[in-house]
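Protein chains in written order, with this note's numbering: chain A, 1 to 476; chain R, 1001 to 1235.
Since the hints were derived computationally from the structure, they do not count as laboratory data.
Note that CB positions come from ideal geometry on N, CA and C, so glycine has one too.
Careful, some of the hints might be misleading.
Listed next, the in silico PhoX-like pairs over lysine-lysine satisfying Cα-Cα at most 25 Å (straight line) [what the hints assert, rightly or not]:
| id | chain 1 | residue 1 | chain 2 | residue 2 |
| --- | --- | --- | --- | --- |
| 1 | R | K1082 | R | K1067 |
| 2 | R | K1039 | R | K1082 |
| 3 | R | K1019 | R | K1234 |
| 4 | A | K287 | A | K323 |
| 5 | R | K1067 | R | K1019 |
| 6 | A | K323 | A | K206 |
| 7 | R | K1039 | R | K1067 |
| 8 | R | K1219 | A | K393 |
| 9 | R | K1210 | A | K387 |
| 10 | A | K45 | R | K1210 |
| 11 | R | K1234 | A | K162 |
| 12 | A | K45 | A | K287 |
| 13 | R | K1210 | A | K162 |
| 14 | A | K162 | R | K1117 |
| 15 | A | K162 | R | K1219 |
| 16 | A | K150 | A | K162 |
| 17 | R | K1108 | R | K1019 |
| 18 | A | K137 | A | K205 |
| 19 | A | K163 | R | K1108 |
| 20 | A | K276 | A | K144 |
| 21 | A | K162 | A | K184 |
| 22 | A | K393 | R | K1019 |
| 23 | R | K1210 | R | K1108 |
| 24 | R | K1019 | R | K1039 |
| 25 | A | K393 | R | K1108 |
| 26 | R | K1219 | R | K1232 |
| 27 | R | K1059 | R | K1108 |
| 28 | A | K206 | A | K144 |
| 29 | A | K395 | R | K1019 |
Distance ranges between label pairs, derived from CB positions [stated by the list, open to error]:
| id | chain 1 | residue 1 | chain 2 | residue 2 | range |
| --- | --- | --- | --- | --- | --- |
| 30 | A | N351 | R | N1183 | 53 to 61 Å |
| 31 | A | N320 | R | I1123 | 52 to 60 Å |
| 32 | R | Y1116 | A | E44 | 30 to 38 Å |
| 33 | R | G1107 | A | N351 | 26 to 34 Å |
| 34 | A | R268 | R | I1123 | 35 to 43 Å |
| 35 | A | D125 | R | D1121 | 36 to 44 Å |
| 36 | R | D1121 | A | L143 | 27 to 35 Å |
| 37 | R | L1128 | A | F43 | 18 to 26 Å |
| 38 | A | N19 | R | C1195 | 28 to 36 Å |
| 39 | A | E195 | R | E1133 | 54 to 62 Å |
| 40 | A | E48 | R | A1094 | 21 to 29 Å |
If you want the building blocks of each chain, they are given just below.
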Amino acid sequence: MDKRRIFISPVTRIEGHANITIEMDDNGNVSDALFHVNEFRGFEKFCEGRMYTEMPTITPRICGICPTSHTLASVKACEMIQGIQPTYTANLLRRLMHIGQNLSSHALSFFHLSSPDFLLGYDSDPAKRNILGIAEKYPDIALKGIRLRKFGQELSERITGKKIHIMGIVPGGMAYPLTEDNRKALLAWIPEAIETVQAGIGIIKKFHEENAEMVASFATSPTLYLGTVGPDGEHELYDGKLRFMDADGTILQDQLLPQQYLEFIAERSVNWSYLKYPYYKPYGFDKGFYRVGPLARLNVASRMRTALAQREFELFKQMNNGKPVHGAFYFHYTRLIEALSDVEDAERILNDPQVTSTHIQHHGRWNYEEGIGSSEAPRGTLFHHYKTDETGKLKMVNLLIATGQNNPSMNRSVLEVAKQYVKGDDIKEGMLNRVESTIRCYDPCLSCSTHAIGQMPMVIEVKDKRGVVLKRLERG
Amino acid sequence: MNTIPIIIDEKKLEVDPGKTILEVCRENEIEILTMCHLKGVLDIGACRLCLVEIEGINKLLSACTTKVAANMIIRTNTDRIKKYQRITTELFFAERNHVCAVCVANGKCELQDLGYKVGLDHIRYPHLFPQCEVDTSHPWYVMDHNRCIMCTRCVRVCNEVEGAHNWDVMNRGHQVRVISDFNSPWGESVTCTSCGKCLHACPTGAIWPKAIVQGQLQKNPGMINELVEKRKMKL
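Kindly generate the complete structure, drawing on both the sequences and the hints.
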């Protein structure tokens, strides 16, 4: 019998467009699996020739989920070009906006995209396995999730007037201050947001307990980890230095400046995906796979910055006796611990007497030809690297996106889960949903916005190697 | 001074002879769309947005360059005019590379406002997507030809108000470009005084200060006429 190939296209409930190919051997076992990202954007090329100061406006358009992270990495690169630093208040406002985006993204990932698997089941009716299905069966949880996302977006809207493609984060600081009325309005959200995140933590913990075997064995290949940490190794999203950790918890590199990223990270292209393969340079392509994102950030961090999150962090660390936790499933848990930290941190910032100051921008002009900035996007460490001519016109743009860095590991996780769950001739939809859900663990952000429910039908075709369709499953 | 009778959109008016239809309309709060008109510099009828119908004349005439005459019957908002305004606006957007979302002038742009006014929801013509230079050579300002609509307000203000004549125009048709001196980088100009009037005159994000990003642009085109009036008064 010819080798068979299963093609999942598109992968659903993720941000962006991707396919998965699963290849099977003669005995009906999975022999290989590939995760293809079939979008091509071209930002690095068409930004060449623009003024570097336009980048904080152009690059947030890369993504409708993490525009603030792009803006922050971009303004930091611009500030390096100008040789200036933002004001204290501007840093507070940027942190608030970044927290807002992280919360909104994490709420979307957990409540809207992933919770249907936990609450309704992997094998439940695909037509209802979405946020609308949750709204029908668990209206209270759906509403909480939607409102948590709203709070995240309000953090940006009440500072800059826009929820998604924010304006107002400028080289040297911020263009708009926070008014006292808006500060109070944001502060009023805090108790509800903490309650919602804790409810989410309750859901994931219950799922862990009830499905201990699956969680413990779900895509558990060890990798290296990269994340941003503060001066004492504390968890950090906005402004810190980099830490690389190996699979056993040994710190390989600590307090690296983001500007050194090229010394430690290299990229390689493959001919079956538009997403490149980054790796940890000292270990080479074969052994240098590393992961970024909430799981990586909590694995590399020595502690959290806030009390409630620290309590959860300690429980998380106990799971592998203080060593890194590798299971891709734990992305969900760490995402929620981060969300808890976000809400507590937002409360701290909103109570800072300087947060409503109008001293929000330092002014600078072009001074240096090169700028590199980084920030922790919801999905992991993000780098923007610009080179300009002596007039400020861009000659080179390199963007190292978080999802790209998880790409090698996503591939490996897909193969692992496919081998575990996809077997035999009778391929069931639920099996393939488990393979898809591996991708959802990483919450990849493959394009610039979410897609609407109901507009992403999934077609799975089992073909022989000549491309003849042997079996076809549809949902839509 | 003797006045003359005219009718605009069924409204009977007594107006001063020697004024343009545009001037009369603005004085009488009759809306006429314009892009190349800038109070304080000479009108050239380039953008073709201010076209009006005049009874007895088959072709449409530009309100900014046509003077009123006794007993003229003028119409400014017929379906025919609205159709041409829409076509003209679409052609502005199709000719070069206008991306409002990432433009420094987003929210402060006369072309964007025009799009909203004519109800621009799509563009029926194929975009030309020309390769246009972004001139960043000036120490303070940027000239982005992608966003230029060839209104030549910068050219006229530089010549007529500042008296420097740094800006001019070269080529024809789609190849037409605003140039600095004899088509040299703006930063190398020997005539530019760096006064910034062209920046305030520019209706789009084609000329902008390097120091600002989207959301921070402040243009004051009305300042040009104020300067002209103050000079007349020898203040």
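Inset, instruction - Decide if the proposed pair is consistent with the structure: A:K276 and A:K144, CA atoms, cutoff 25 Å inclusive. - result: violated, 37 Å
Legend entry - Pairwise hint evaluation, A:K162 against R:K1234, where the allowed Cα distance is 25 Å at most: Violated: R:K1234 and A:K162 sit about 46 Å apart, past 25 Å.
Inset, instruction - For the pair supplied as a hint, A:K395 and R:K1019, confirm whether the alpha-carbon distance does not exceed 25 Å. - result: violated, 51 Å
Legend entry - Pair hint R:K1059 and R:K1108, alpha-carbon separation not exceeding 25 Å: Not satisfied, since the Cα-Cα distance of roughly 33 Å exceeds 25 Å.
Legend entry - R:K1019 paired with R:K1039 [C-alpha distance capped at 25 Å]: holds, 13 Å
Inset, instruction - Could you grab the alpha-carbon distance between A:K163 and R:K1108 and see if it respects the 25 Å cut-off? - result: Satisfied, since the Cα-Cα distance of roughly 19 Å is no more than 25 Å.
Legend entry - Pairwise beta carbon distance, A:D125 to R:D1121, judged against the given window 36 to 44 Å: holds, 38 Å
Inset, instruction - Take a quick look at whether A:K162 and A:K184 sit within 25 Å of each other, Cα to Cα. - result: Holds - the C-alpha atoms of A:K184 and A:K162 are around 18 Å apart, at most 25 Å.
Legend entry - Restraint status (C-alpha distance of A:K162 to R:K1117 at most 25 Å): holds, 23 Å
Inset, instruction - Could you check the hint for me, namely that R:D1121 and A:L143 are 27 to 35 Å apart, CB to CB? - result: holds, 34 Å
Inset, instruction - Take a quick look at whether R:K1219 and R:K1232 sit within 25 Å of each other, Cα to Cα. - result: Holds - the C-alpha atoms of R:K1232 and R:K1219 are around 23 Å apart, at most 25 Å.
Inset, instruction - For the pair we were handed, A:K287 and A:K323, check the Cα-Cα distance against 25 Å. - result: Holds - the C-alpha atoms of A:K323 and A:K287 are around 19 Å apart, at most 25 Å.
In this structure, the hints that do not hold are numbers 11, 12, 17, 20, 22, 27, 29, 38, in rising order.
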